[in-house]
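Number of protein chains: 2
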Amino acid sequence: MFRTHTNGELSLHHLNENITLSGWVQTIRDKGFMIWIDLRDRYGITQLVFDQDRSSAALMEEAKKLGREFVIQVEGKVIERVSKNPNIPTGEIEILVEKLTVLNESQLPPFTIEDQTDGGEELRMKYRYLDIRRNPVKDKLIFRHKMAQKVRNYLSDQNFIEVETPVLIKSTPEGARDFVVPSRMNPGQFYALPQSPQTFKQLLMIGGMDRYFQIVKCFRDEDLRADRQPEFTQIDCEMAFVEQEDVLEIFEGMTATLLKDIAGKEFGKFPRMTFEDAMKNYGNDKPDIRFGMKFVEVNELVKGKDFKIFDDAELVVGINVEGCADYTRKQIDELIDWVKRPQVGASGMVWIKFQNDGVVTSSVNKFYSEEDLKKITEKFGAKEGDLIFLMSGNENKVRTQLSALRMELGNRLGLRNPKEFAPLWVIDFPLLEWDEETGRYHAMHHPFTSPKPEDVHLLQTEPGKARANAYDLVLNGNEIGGGSVRIFDKDLQSKMFDLLGFTKEDAEAQFGFLMNAFKFGAPPHAGLAFGFDRLVAILDGNEVIRDYIAFPKNNSGRDVMIDAPSKIADEQLNELELRLNLKS
Amino acid sequence: MFRTHTNGELSLHHLNENITLSGWVQTIRDKGFMIWIDLRDRYGITQLVFDQDRSSAALMEEAKKLGREFVIQVEGKVIERVSKNPNIPTGEIEILVEKLTVLNESQLPPFTIEDQTDGGEELRMKYRYLDIRRNPVKDKLIFRHKMAQKVRNYLSDQNFIEVETPVLIKSTPEGARDFVVPSRMNPGQFYALPQSPQTFKQLLMIGGMDRYFQIVKCFRDEDLRADRQPEFTQIDCEMAFVEQEDVLEIFEGMTATLLKDIAGKEFGKFPRMTFEDAMKNYGNDKPDIRFGMKFVEVNELVKGKDFKIFDDAELVVGINVEGCADYTRKQIDELIDWVKRPQVGASGMVWIKFQNDGVVTSSVNKFYSEEDLKKITEKFGAKEGDLIFLMSGNENKVRTQLSALRMELGNRLGLRNPKEFAPLWVIDFPLLEWDEETGRYHAMHHPFTSPKPEDVHLLQTEPGKARANAYDLVLNGNEIGGGSVRIFDKDLQSKMFDLLGFTKEDAEAQFGFLMNAFKFGAPPHAGLAFGFDRLVAILDGNEVIRDYIAFPKNNSGRDVMIDAPSKIADEQLNELELRLNLKS
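Protein chains in written order, with the working numbering: chain A, 1 to 584; chain B, 1 to 584.
Do not take every clue at face value.
Pair by pair, the computed Cβ-Cβ distance ranges are [claimed, not checked]: (1) A:Leu-96 x B:Glu-266: 25 to 31 Å; (2) A:Arg-81 x B:Gln-158: 29 to 35 Å; (3) A:Pro-418 x B:Gln-158: 28 to 34 Å; (4) B:Asp-157 x A:Lys-99: 30 to 36 Å; (5) B:Thr-101 x A:Gly-175: 52 to 58 Å; (6) B:Thr-274 x A:Leu-15: 41 to 47 Å.
Straight line, CA to CA, 25 Å or less: simulated SDA-like cross-link-like pairs of lysine to any residue [claimed, not checked]: (7) B:Lys-519 x A:Ile-28; (8) A:Lys-504 x B:Gln-572; (9) A:Lys-150 x B:Arg-177; (10) A:Lys-150 x B:Gln-572; (11) A:Lys-217 x B:Arg-177; (12) B:Lys-567 x A:Lys-140; (13) B:Lys-504 x A:Lys-150; (14) A:Lys-140 x B:Ser-156; (15) A:Lys-519 x B:Lys-138; (16) B:Lys-567 x A:Gly-175.
Keep in mind the hints are simulated off the structure, nothing from the lab.
Even glycine gets a Cβ: it sits at the ideal position worked out from N, Cα and C.
Produce the complete structure using the sequences and hints provided.
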């Protein structure tokens, strides 16, 4: 061992002990007669001191040659600091160095290895191994590890078995695009990398495994949007002989365990909301319920007053922004511009101020009397000092637009404290969604999701209205997990494939093995999966998942550090019996 | 929940309780007036009873319609059994069924779901989900999970951080063949699947992560030998600021923890053996030390007696098989035939019997007096009743052949009890091995392995003699883990690449990012990796790793259950800008 202690553990308890430390040179303060060095490792920082009165001239000379990020080993004695630093655990002591060994030199790093670095994103990704030395990055990776351990221990204690499912599987055109892997031993054939272990976990249930989980890499060859990775990690789970309630209970327990660890408090029963209510009240299937501004629909109060925009609208709906009646015209105009941006796409917005003097005024005073406006404020439960925004238009679109405004105001008003946690189950999702483009239904969750028993009859008549036994776990406005009760009856599964437009042959080719398995006694089962990267980010009060991945890829799917993907040798292609067919 | 209890937990404590169970119909015994059913789930078996005196006619009728592997739910009362079964935990009770619900029917499964099944390997693989219902398979997967949990908790307690390294990386021609993944977003370029996270874990050390581990899937596109899988799982570990001794200590502790859990005893310090001694004494770098039969070299006792075979041999070496002097001529001839098989390749074998009557005789009495033979038996430390086998020839070959014989005799004599565990560190491996075919050195471990400091000078003069700071952990004659102290000096690493025949350009293209990272303060580091599939198999007293993989592939790399790999759609190939180039 190159050290007796780490750089995070020495204190006055170790006074006068002879110790050995190793680590990286973080900073050097050279006053000529004295040199202080901050020595860093994963565990912290310890101050080293070289002093011409107490250190040999040779040692002083050696110390002067050190540079940032040199890897050194020192032997010395723990002494009390004259000027203590209360901000770090080792701040009361320093090491009077007696022997210095340079284990490895370092070029000047391309950016400073400090909490606030001068390195841009691009550069830090190229030198990710240096970026990881910085506390903000290192701490996130350690946090991720701790969460994974907690999840594994919680689920193991609940009798779940982690089973590794294969990575080299079969390509299925349903869902997102697969990454494929040519098989050299089976020329012309390809494996696919799993988008999720969905079918394998269902097969494990048919295999009697009863309670399965896995923290597992999944893959999607999609055009990358910001903060989407081609490989990502799921906590994947499945249970047999259960109903929806059992699944919610287990994973509520798991999430509460993580939250308690982080927030230091019990979270009790998580609230639940139907998809329908979420859309109606928040315009969003993953509402952030840390703050209010619930939607209020006012069609009956605003129509028939000759305000054509409202008269023509399918829905007029608004939110009450408490205490913001003193917003200036400029502030309001800025918000109106904000909702008109193409990303939101609203055509405009009406405001109503319930002023502190009791007067109610609005941007549509021409059409509505103060009496009319008061009725609206009453419906909102607004009080003096509140500001109401109203939006109108197509029902679905206006809800989405108003939701965007609500979230933006939540951010601006500081109502989205990342250290506050508001978990929420959203349940009763629609089974299907109609796709205008292909003119057919898509499974909203996936094709194995069970309709609610009371809605099965709708499959014949109005499939779009059938609800599913599907549920999402939402945390602070982010979907962190989702799942469903599965179909376990082969006839119902067949019917689902029909509804989704699969031919018998396609269904057989893609899911034949699962359909076949259903013939041999499939138990009732249900499950869910958490997006682990996102879960960890949000639990840590952050929304950028990339920061929680040790070696992430950029938006073109490239690892700029190792320079992958890259060309491969012609012999490799030959062995795979493949040829490039480049279009440009 | 479809049950109040599992099928493994009811006992006389629950007498007269009304309970609900779910599971699969394991067996049906229908006596007409009474029907007994064994109901199975992951947790055990509970006997159900239907009795025409106590059950309704309708219920009897329903029960008669059940078949094997039907999934059912029953409500009933716990009653005491008349004839108890002491072999199962629930053997003192049975359930008088009051209500029966068929949750799912089952076709007759293609093989019996019992500990001893009538299903052949091929069939069981095709219906792996049914095979997993069988205890021997299910128990192995649960065992694997428990071992993984223990490993994770042990390493986490030791301050190791599990970091997920990427699966989509860069192809390097060194080592085994990579699986590659065409990148649609970067046409003509490919990712590779990792053969191990070697470079990433070294980068994590450079990144200051200090103690890293990961239980991780790795991939090798090799021609599959029996029991080799294209995807396999490693416990991958790396530590910084450590020397070999520190690594051995940590992972000895980890292995001892697993062994203690299984064997119920402390294992103390693991013995250590140099590679040289292992080869000399056992002809093998992974000796099974559960039994003796150490090699004894007898050149000086057998040469110069006109026995040409021994006179011409580079090495004459043997083993003493205790208590086997009464082997018949037939038994011995059979063993001689065994070593002559092409898999072993010996040209013959000499035997010496130290008979119970004190007489020493041999197959080469013509050349050696009883006096000569006695001297040999003395060197072996043989006693009355022992049998010595001698083999001769080229030093390396004869050791390998004798090692095969030793292992075979160990098996035949029952000296390799799978429930007995003998861990062993083999250390001081050679750094390089000469490859006749390519006429150059290969890294015995890998190109990042550090030579022993005292052997560095040999790299200039006799590289083949340089020893490495490399170590294997051997358990019962199997290598379960291996690792090394790494080179952390960029100049030494450069020299190694030279020795291994890399051009500067190749080294740069393949390992440029690692070499570059070495410039920024790489700490001393070392690590190792366990083959998790094999480790688990051996800990469970088995050597077939396939049994410990939920969904293994066959020897052609196929998953016969899902039928992968398979053809992909032309559009998929087009999107990837690839064309098939099939040779036949």
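B:Lys-567 paired with A:Gly-175 [C-alpha distance capped at 25 Å]
18 Å, holds
Does the Cβ-Cβ separation between A:Arg-81 and B:Gln-158 fall within 29 to 35 Å?
Roughly 31 Å apart at Cβ, these two residues keep to the hinted range, so it holds.
Check whether the Cα positions of A:Lys-504 and B:Gln-572 lie no farther apart than 25 Å.
Holds, at roughly 22 Å.
Holds or violated: A:Lys-217 with B:Arg-177, Cα cutoff 25 Å?
22 Å, holds
Below or equal to 25 Å on CA atoms is what counts here, so check A:Lys-150 against B:Arg-177.
It is violated: about 37 Å lies between the C-alpha atoms, which goes past 25 Å.
Range hint 30 to 36 Å (beta carbons of B:Asp-157 and A:Lys-99) holds or violated:
Holds, since B:Asp-157 and A:Lys-99 (Cβ atoms, about 32 Å apart) stay within the stated range.
Under the criterion that the straight-line Cα-Cα distance not exceed 25 Å, is the pair A:Lys-519, B:Lys-138 satisfied?
20 Å, holds
What's the verdict on B:Lys-519 and A:Ile-28, does the C-alpha distance respect the 25 Å limit or exceed it?
The hint holds at about 20 Å.
Verify the CB-CB distance for A:Pro-418 and B:Gln-158 against the hinted window 28 to 34 Å.
Holds, since A:Pro-418 and B:Gln-158 (Cβ atoms, about 32 Å apart) stay within the stated range.
For the pair supplied as a hint, A:Lys-150 and B:Gln-572, confirm whether the alpha-carbon distance does not exceed 25 Å.
40 Å, violated
Can you let me know if the beta-carbon spacing of B:Thr-274 and A:Leu-15 is within 41 to 47 Å?
44 Å, holds
Note whether the CB distance of B:Thr-101 and A:Gly-175 lies within 52 to 58 Å or breaks it.
Given range 52 to 58 Å: violated, Cβ gap about 34 Å.
Violated hints, in rising order: 1, 5, 9, 10, 12 and 13; the structure is consistent with all others.
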